[in-house]
Structures are given as C-alpha cells and as structure tokens.
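> All chains, please: the whole structure from these sequences, using the hints.
Residue numbers (our numbering): 160 to 432.
Any given hint might turn out to be false.
[As the list claims (entries may be wrong)] Dumping the calculated BS3-like pairs for lysine-lysine here, alpha-carbon to alpha-carbon at most 27 Å:
1) 340 - 267
2) 330 - 419
3) 334 - 422
4) 330 - 222
5) 334 - 266
6) 222 - 266
7) 177 - 266
8) 222 - 177
9) 340 - 422
10) 166 - 177
11) 419 - 340
12) 334 - 267
13) 162 - 177
14) 266 - 330
15) 267 - 177
16) 266 - 162
17) 222 - 419
Everything labelled a hint here was simulated from the structure, so no lab data went into it.
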Amino acid sequence: MSKALEKLQNCMRCIREKTDFQPEVALILGSGLGDYAESIDIRAEVSYREIEGFPVSTVPGHKGRFVFGYVNQVPVVIMQGRVHYYEGYSMEEVVLPTRLMGMMGAKKLLLTNAAGGMNFEFTPGDFMLITDHISSMVPNPLIGTNLDELGPRFPDMSEVYSRRMGRVIRKEAEKLGIPLKEGVYIQLTGPSYETPAEIRMFRSLGADAVGMSTACEAIAARHMGMEICGISCITNLAAGMSARELNHAEVQETADRVAKQFKELVTAVVTGI
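Written as structure tokens, this is what we have:
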C-alpha cells in the first residue's frame, strides 16, 4: 500500500471514529464564506486538528473543520476552511481533504472561492460560475504514483465542471434574482498577489478570475469521478485594474457583504443538483 493511500485511510479512520454520516454532496467554502456552515442542520463536526496527519489551515477566516448535516434534506459534508499550497503543504496534502470527502461517499462537489476579477465587466461582489480552469501555473496534484483505488493514471479533463450542474446554478441564480457572471478561473501558487503584467498575461490566456485554490481540488475530485461545479465570489479587481492596493481584508469585507446572497444561492444549488 502506498504511503498516500495509507494516510488517507488513517484520516478516514479518525473521522469514522467520530461520525458515520454519509454525505451525498461535498462543499468547500472559500475565504470569508465559511459562515454558511453555521446555517445548516448540523449533525456532527470534526476539527481538522482531531484528524491524525491532516493539514491544518492557517489562513484568517478559515475555521478548519468538517461540518456534517443537511441542507433541505440533502446530506452534505462541508469543508469549513481549506488548506493552500502557499501555506507550505505539498499538493498531495492540499487535495487530501477533497479525496477524503469523496471516500466518505460524496458524489458531487461544490467548490467556492474568493477571487480577483480580471474581466472588465466584473465588479467586486459579483458571483462567477466557473466554466473551466487553467491550472498550468501550479503543480498537478496527481503527480507521483497513481492511486489506482481512486482513479485512472491519465484522467480525462474535457469537462471538469459539469455542464448539467452549471445549468442548475444558472437556473437557481435567475430564480433568486442574483446576477451571475461566467468565466474561466486560473489558479496560482500565491501568497503574493499578482503583478499588473501577470494579470495582462493571464487575461490574454483567456482567464476571467484568479485565485490560489480550487483548480487542484477539482482535478483531484475529477480523478475520483466526482461531478463538480464551482462559484467564485469576485472580491476585488486584480492588480493594475484599479488604483487600490490589494489586501486580504478587502477580500473578507466583500465576501461578508454578499454573504446573504451567497447562502441563498448555495442552498438552492445543493438542493437542485
């Protein structure tokens, strides 16, 4: 047995000692968006620190726990706070939580993040349906010995973000009267924000929003055969697009401002998918 698989199984054993909850949908909540977990019908909570060998988030606004419960009768597991490559973890460790949620039984994954907008039609506070991603700027999480128990050596990535789930998100956003942008998300390593020259380059590559997470998690989930959708909260305009300096406080402030709409949309999406 590979060390990576053994580690996953050890983490699963720790979780199953605390709860046998079986989720259908997994959610990963991004910066400033974690409070959504407080509003569901909670049945169990497991702190990351209680799981042997589990990476612990160090980012402000990330509480660091799995929350198990129901959203309108749909059994879910919520990752309240994610870990990032820039925190010093290996990419294998970064996607470990995603793999665990798949091993718990979740077949569908809703990814959320706070992102910088690179499309001139975007404004802070917008929501963007992720239609595709660019992950070439970060290490692929599948590098190394393939975990055959999870998925194939060379998984297809033609449709990482489910078109079916995208239609559900569009429909629910329209019903709620929430304007929804669409675009391509690009993941970088961070933790420094991008330069204006980099933003111009990424825009020329076809990216609409930029962040430091999500794409690697989507790859790991797709490798396992999970159906995936993603929503970015555009919390700021990227470097060089305004006179303001970029800072994490602005990210959290914008996410807090649109939190009510975000909760309404996520609830509708989880119920609809």
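> Determine for every hint whether it applies to the structure shown.
Results for each hint:
no.: 1; hint: 340 - 267; verdict: 22 Å, holds
no.: 2; hint: 330 - 419; verdict: 18 Å, holds
no.: 3; hint: 334 - 422; verdict: 14 Å, holds
no.: 4; hint: 330 - 222; verdict: 31 Å, violated
no.: 5; hint: 334 - 266; verdict: 25 Å, holds
no.: 6; hint: 222 - 266; verdict: 24 Å, holds
no.: 7; hint: 177 - 266; verdict: 21 Å, holds
no.: 8; hint: 222 - 177; verdict: 18 Å, holds
no.: 9; hint: 340 - 422; verdict: 17 Å, holds
no.: 10; hint: 166 - 177; verdict: 17 Å, holds
no.: 11; hint: 419 - 340; verdict: 18 Å, holds
no.: 12; hint: 334 - 267; verdict: 22 Å, holds
no.: 13; hint: 162 - 177; verdict: 23 Å, holds
no.: 14; hint: 266 - 330; verdict: 21 Å, holds
no.: 15; hint: 267 - 177; verdict: 23 Å, holds
no.: 16; hint: 266 - 162; verdict: 24 Å, holds
no.: 17; hint: 222 - 419; verdict: 19 Å, holds
Comparing the model with each numbered hint stated earlier shows that hint 4 is the single one that does not hold.
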